[in-house]
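Asker: Order-wise, the sequence lines are chains A and B.
The first sequence lines up with residues 2 to 160 when you count with the working numbering.
The second sequence lines up with residues 7 to 146 when you count with the working numbering.
Careful: at least some of the hints might be erroneous.
Not everything, but these chain A residues come out facing chain B in the computed CB check (under 7 Å) [stated by the list, open to error]:
(1) M2
(2) S3
(3) P34
(4) G101
(5) V102
These aren't lab readings, by the way, just hints derived from the structure by calculation.
Every residue, glycine too, gets a C-beta built ideally from N, C-alpha and C.
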Amino acid sequence: MSAAASSRAQGAVALVSGVLFGAGLALAGMTRPEKVIGFLSFSRAWDPSLIFVMASAIVVHATAWRLIKGRASPLLGGRFMVPTRRDLDARLLVGAAIFGVGWGLGGFCPGPGIASLVTSAPSVMLFVVAMLAGSYAAARAEPVIERALARGRGDAPPR
Amino acid sequence: MNISADWIRALEGGALIGVSASLMLGFNGRVMGISGIVGGLLKPVAGDIAWRVLFVAGLLLGGLIAMAVSPGAFSSGAAPLGVVLLAGLLVGFGTRVGNGCTSGHGVCGISRLSPRSAAATVTFIGAGALTVLVTGGATR
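Just chain A, with the same shape it has in the complex:
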């Protein structure tokens, strides 16, 4: 397959994958923040259904991964862009914790937030714009974040 044809086919796969992802999130109830907060509220009327969402997605995807991982390259060519690091670091956990606080406050994670733009609700638009701003800010603040994490590790600050 030519590079251009491969790129077009990858675009088509991305589009189809996006449609399934958006429909799946909505069907699963992830696009209702009160349901997500009900899942995160372990103390009282706990709504466990989001466990089923994750478990179901993982069973399907882990099965596919078993079939995929022996291949030298993806079906449409190129190479696999899959993270291979296995060590834990502060950056990962601090980032995840900050994300978790935002998730618990608003009830939206990134995918459902973007899919919910179709409701054209002002609060959803605000959420997505703020999310993009937060992501952009983190990218811009990269040197500051690295210095802070290095201080946390007790490393000498990089010059």
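For chain A, the structure is supplied; the task is to place chain B on it using the hints.
Answerer: What follows is chain B alone, placed relative to chain A:
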């Protein structure tokens, strides 16, 4: 709402998410992590843009289809706008620093038995639960 019907929809929705992630990985060799896919658009690299835009377009199209079939599948939550603003900033910042969100770590990474993704998932669910505990789910 009927609890068991809710659970069946959760399983079905999860399966669609799993198929979506598998198509991206099997055909394109990409992890279906939405924060990473969108993050790549904020710092665009030539030749690495179209598929990201198409994925987001598909995500919106999937949302439109879901809304047409079942308008009740969406709600915008009850959080005041100031809280929504803060939530968005933290979600965007945290997913960029921690290299992923519910889809990239929670679904894709755990499926590949990545210890990093498992630790990230435990951490963000824990932090989310703690936040709901502290706020009393006031934003529900």
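Asker: Hint by hint, say whether it matches the structure.
Answerer: Hints and how they fare:
| no. | hint | in the structure |
| --- | --- | --- |
| 1 | M2 | violated (12 Å) |
| 2 | S3 | violated (15 Å) |
| 3 | P34 | holds (3 Å) |
| 4 | G101 | holds (3 Å) |
| 5 | V102 | holds (5 Å) |
Checked against the numbered hints above, the structure violates hints 1 and 2; every other hint is satisfied.
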